[in-house]
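Protein sequence lines, in the order shown, are assigned to chains E and B.
Numbering-wise, the first sequence is residues 163 to 619 according to our numbering.
Numbering-wise, the second sequence is residues 3 to 246 according to our numbering.
Honestly, the hints are just simulated from the structure, not real lab data.
Predicted model only: the values in this text are computed from it and were never measured.
Positions of the beta carbon are idealized from the N, C-alpha and C atoms, including for glycine.
Check each hint, because a few of them may be wrong.
Capping the alpha-carbon separation at 20 Å, the derived lysine to any residue pairs in SDA-like fashion look like this [said to hold, decoys possible]:
1. LYS425(E) x GLY204(B)
2. LYS191(E) x PHE191(B)
3. LYS191(E) x GLY204(B)
4. LYS253(E) x SER215(B)
5. LYS253(E) x ASN203(B)
6. LYS194(B) x ARG165(E)
7. LYS425(E) x PRO201(B)
Restraint-style ranges between C-beta atoms, simulated for each label pair [claimed, not checked]:
8. PRO321(E) x ARG224(B): 38 to 46 Å
9. LEU25(B) x ASN361(E): 49 to 57 Å
10. ARG34(B) x PRO600(E): 18 to 26 Å
11. SER195(E) x LYS99(B): 49 to 57 Å
12. SER215(B) x PHE471(E): 47 to 55 Å
13. ILE428(E) x ILE76(B): 49 to 57 Å
14. GLY79(B) x ARG262(E): 21 to 29 Å
Part of the chain E face toward chain B, derived, beta carbon under 7 Å [unchecked claim]:
15. ALA167
16. ARG186
17. ARG229
18. ARG233
19. LEU234
20. TYR264
21. GLU371
22. ILE478
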Amino acid sequence: MERWAEQTLAGWGRYPTSSCLATRAERPKDLASALKDRGDSSMLAYGHGRSYGDAALISNGKAVLTRRLNRLLEFDPVTGWVRCEAGVSIKELNEIFVGRGYFPPVVPGTQYVTLGGALANDIHGKNHHVDGSFSDHVRNVDILTATGEIVRCDAETEPDLFWATVGGLGLTGIILALDLKLCPIESALIEMESIRVENLDHFFSVNSESSHYTHTVSWIDSVTKGSAMGRGIYMRGRHAPAGTKEQVGLLGKLANKLSPFMKVPINGPNWLMNGATMRAFNVAYFRKHPKGKRAANVHYEPFFFPLDFVQNWNRIYGKRGMLQYQLVVPHEPENRAVKAVLKTVTDAGLASFLSVIKEFGNAVHGGLSFPAPGITLALDFPNTGSGLLEMMDRLDAIVAEAGGRVYLGKDARISKAQFRVMYPNWEAWKAVRDRWDPNHVFQSELGRRLGLVGEAQ
Amino acid sequence: MSVLILGATSPIAYQVAHRYAELGHSIVLTARDNAEASSLAQDISIRHDVPAVGAAFDACDFASHAAFVEAIEIDYGPIEVALVAFGEMGEQAQSQKHFPSAKAVIDINYTGAASICEAIASKMEARTRGVIIGITSVAGDRGRQSNYIYGSAKGAFTLYLQGLRNRLCKHNVQVMTVRLGFVDTRMTFGMKTGIPIAPPNGISHAIVKHQESGSDDVYLPRFWQGIMLIIRNIPERVFKRLSL
Numbered sequence: 163m164e165r166w167a168e169q170t171l172a173g174w175g176r177y178p179t180s181s182c183l184a185t186r187a188e189r190p191k192d193l194a195s196a197l198k199d200r201g202d203s204s205m206l207a208y209g210h211g212r213s214y215g216d217a218a219l220i221s222n223g224k225a226v227l228t229r230r231l232n233r234l235l236e237f238d239p240v241t242g243w244v245r246c247e248a249g250v251s252i253k254e255l256n257e258i259f260v261g262r263g264y265f266p267p268v269v270p271g272t273q274y275v276t277l278g279g280a281l282a283n284d285i286h287g288k289n290h291h292v293d294g295s296f297s298d299h300v301r302n303v304d305i306l307t308a309t310g311e312i313v314r315c316d317a318e319t320e321p322d323l324f325w326a327t328v329g330g331l332g333l334t335g336i337i338l339a340l341d342l343k344l345c346p347i348e349s350a351l352i353e354m355e356s357i358r359v360e361n362l363d364h365f366f367s368v369n370s371e372s373s374h375y376t377h378t379v380s381w382i383d384s385v386t387k388g389s390a391m392g393r394g395i396y397m398r399g400r401h402a403p404a405g406t407k408e409q410v411g412l413l414g415k416l417a418n419k420l421s422p423f424m425k426v427p428i429n430g431p432n433w434l435m436n437g438a439t440m441r442a443f444n445v446a447y448f449r450k451h452p453k454g455k456r457a458a459n460v461h462y463e464p465f466f467f468p469l470d471f472v473q474n475w476n477r478i479y480g481k482r483g484m485l486q487y488q489l490v491v492p493h494e495p496e497n498r499a500v501k502a503v504l505k506t507v508t509d510a511g512l513a514s515f516l517s518v519i520k521e522f523g524n525a526v527h528g529g530l531s532f533p534a535p536g537i538t539l540a541l542d543f544p545n546t547g548s549g550l551l552e553m554m555d556r557l558d559a560i561v562a563e564a565g566g567r568v569y570l571g572k573d574a575r576i577s578k579a580q581f582r583v584m585y586p587n588w589e590a591w592k593a594v595r596d597r598w599d600p601n602h603v604f605q606s607e608l609g610r611r612l613g614l615v616g617e618a619q
Numbered sequence: 003m004s005v006l007i008l009g010a011t012s013p014i015a016y017q018v019a020h021r022y023a024e025l026g027h028s029i030v031l032t033a034r035d036n037a038e039a040s041s042l043a044q045d046i047s048i049r050h051d052v053p054a055v056g057a058a059f060d061a062c063d064f065a066s067h068a069a070f071v072e073a074i075e076i077d078y079g080p081i082e083v084a085l086v087a088f089g090e091m092g093e094q095a096q097s098q099k100h101f102p103s104a105k106a107v108i109d110i111n112y113t114g115a116a117s118i119c120e121a122i123a124s125k126m127e128a129r130t131r132g133v134i135i136g137i138t139s140v141a142g143d144r145g146r147q148s149n150y151i152y153g154s155a156k157g158a159f160t161l162y163l164q165g166l167r168n169r170l171c172k173h174n175v176q177v178m179t180v181r182l183g184f185v186d187t188r189m190t191f192g193m194k195t196g197i198p199i200a201p202p203n204g205i206s207h208a209i210v211k212h213q214e215s216g217s218d219d220v221y222l223p224r225f226w227q228g229i230m231l232i233i234r235n236i237p238e239r240v241f242k243r244l245s246l
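Given these sequences and hints, build the entire structure.
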C-alpha cells in the first residue's frame, strides 16, 4: 500500500495549480506498486516541477513524485555513456562529472530539471544548432507502461514507443531510466563573447557569423519599439580548452560569495512586476553592456544557468504566477513572424521581463517534440489575466500561420484547435500512445486540454 | 577504511553513506533486498568514485549476525564505522490486535539491532578502534498510546546504546546515539505536523559532523531535545490522560 497525500502541485510558472493525491516513490519498485494501488484514477509522474504550465499537473488523478529516484546505474568513463534513473537532475550530473571531464550533452536554462523531464519535453539548449535536442543523445529508455510492464525501447526495439516518449510529456508511461551520452570537456570554463546587437537585423547578421560557436543565444529587449526593436545582447561560447584561466571581475567574485544566500523566500507582491519595472529592467540590462563586443572565460554555471543564481526566482511574479510563451517559426526572408510577435507584444503595452531568441538547427523529431528549424523566441509574462491571454491567442495565430509552433513544456493555455495546426503529427502520436495505454491511465491537465488523452474529439 | 551501512534503503542512512563516500571511505551497503543494496552501492561508487558494494542482511536472522560481520571484514577489511539504521514503524493498531506483529516490530527495532551491534562491538573492542552509530527515535523517550510498541523497542535500543557506550569508551570505540524527530521519509510523507519535517540530506550532514566531533547522544534536528525535555517532564498523572 502506498501512502497517498493531498498535494497542490504547480509548474514553474505557478499557473495553474492543481490538487491531487500524490505518493513519493523511494525506490523503483514503488512505481509499479503505485500504478497498481491507484485504483481507477488516472496517473502522472511529477519530477522537479520545472515545466512551466500544466504539462506535469493532474487534477482528479494521482501523481507519483519521482524526485527520489535518482540513482546512477552505470557509467563508462571511456565513452561517457551514463545510465541514470529518471529523477537524476542536470545539476547532479554537473556536480559529479564536470570534474571528470564530462558535461551533459544538452542543458536547458536551469540545472534543476530531471532527466525524465528532459526527455519528456525533449529539451533543447544553446547548442541546438550543432547538437540537436536532448533525445539526440539518449540511446534507450526504460518505461513503465500502463499494463505494469517495463519496456526498454530505442530506435530499433519498439521504436514507436521511443518516438512517442521523446517529447511525449509523460503520457506514454513513467520514464524509469535512460542511457545518456555525456560530452567530453577539458575545462569547467566557457570561452564566451557577448555582443551588443542594436536591432533585430543586427541580431540576424551576428547570428549568421556565429555558427562556429557551439553555444549561441541572445537576450532580447522586448519593450523597445521602432528601429531599435529586437535589440539585445548576443552571447556565444564554447567549452574552453584545458588550462584556460577563469576571469572573474569584482562583481563576479561578490556574486559567488552571495549565491548560497540568494533566494526569494516568499511571493513578491503582484504589483512588483509591472510594465514600468519591466521596461526599466529591459533598458537597464541593455545599457549595462557597452557597445560592441566583450570576451571572457567564465564558469559554466553563470553561462548556462544564470537564473539559478536566485533560487525560486519565479516567486517575484507574486501569487498570480507567470506564463512563458516560447515559439519557433521557420526561417523567412524578412523574419516577418518574429517581428510581428514582438510588435504585437509592445503594441499591447505588455512587457516581457526576460526574453531570449535563438536559431535552432535542423534536428527534428516529430511527434510532440518542440524544436524545429527556424527561430525560437521565449517571452516571460506576469499572469495579468485576460488581456495577456488574448494577446497570446493573437501570437498563436501569427505563429501557426508562419508554420511554427509553441513549446508545450512551457504552455498553460493554447487551444486544442491551434495545437492541432502547430503539431500536425498529433494524430500519429496519439495512435501510438493509445496503443500502449488504451485505457488512458496516463493523463495530465495539458493532455486533457489538448485532446491527447481520452477519445479524440 | 570501510563504512558499513545497515538498512541502506532508509533515505537517511543512504545520505549518510554519501557523506562518508565524499570523505573517501569505501562503503558496504546492506538491505534485506540484495538487488536493491547493490543498486545503491553502484550509485555511490559512480558518484563518489570510491569502492562500494551491496550485501544482503536480515536484521531478524539473529543467528547469522556474527558470521555476517566476519564475512564483511574478511572481504572488505575492518569496519571503521557501522551505522545501524534499519527499523520498522509497524502499525500500532495491528500490534495491539495481533501480538506476532508487535513482536516483529520489537525484533527488528531492538533485538535485531542489539544482536548486530554485539557482533560488531566485539570486533571493535578487540582492536580498540571504531565507531557505532545507532539510529533511534524520540518515540523511545516516553511511551505513548499511539506508538508504544515501536516506541518501547526504540527506547530499549536507546538504553542498549547507552550501556554499550559505557562498555566501549574504555576501548577507544565511539558509540553515538542519534534520536531522530520527524525526517522526510516514507513514514512521514504527507503527514500534517505542526513541527517541521527535516530533509534526510541535512540530517546526514549533522550525523557525520557529530560523529567526527565525538558526540555521544544527539537529538536531530536539535530542537527535539527541547521538545522531549518538556514531554519527559510532564507528570505521569497528567501524561496518562493525554492523547499524544
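Evaluation of the provided hints:
1. LYS425(E) x GLY204(B): 18 Å, holds
2. LYS191(E) x PHE191(B): 17 Å, holds
3. LYS191(E) x GLY204(B): The given pair, whose Cα atoms are some 26 Å apart, is violated under the 20 Å limit.
4. LYS253(E) x SER215(B): Distance ~31 Å between LYS253(E) and SER215(B) Cα, so the pair is violated.
5. LYS253(E) x ASN203(B): 16 Å, holds
6. LYS194(B) x ARG165(E): Distance ~13 Å between LYS194(B) and ARG165(E) Cα, so the pair holds.
7. LYS425(E) x PRO201(B): 18 Å, holds
8. PRO321(E) x ARG224(B): 38 to 46 Å: 55 Å, violated
9. LEU25(B) x ASN361(E): 49 to 57 Å: Check passed, 55 Å falls within 49 to 57 Å.
10. ARG34(B) x PRO600(E): 18 to 26 Å: For PRO600(E) against ARG34(B), whose Cβ atoms are near 37 Å apart, the range 18 to 26 Å is violated.
11. SER195(E) x LYS99(B): 49 to 57 Å: Violated: the Cβ-Cβ distance is about 24 Å, outside 49 to 57 Å.
12. SER215(B) x PHE471(E): 47 to 55 Å: 33 Å, violated
13. ILE428(E) x ILE76(B): 49 to 57 Å: At roughly 56 Å between Cβ atoms, ILE76(B) and ILE428(E) fall inside 49 to 57 Å, so the hint holds.
14. GLY79(B) x ARG262(E): 21 to 29 Å: 26 Å, holds
15. ALA167: Since the shortest Cβ distance to chain B is 2 Å, the answer is holds.
16. ARG186: 5 Å, holds
17. ARG229: 11 Å, violated
18. ARG233: 4 Å, holds
19. LEU234: 4 Å, holds
20. TYR264: 12 Å, violated
21. GLU371: 41 Å, violated
22. ILE478: Violated. Min distance 25 Å.
In terms of the numbered hints stated before, the structure departs from hints 3, 4, 8, 10, 11, 12, 17, 20, 21, 22, listed from lowest to highest.
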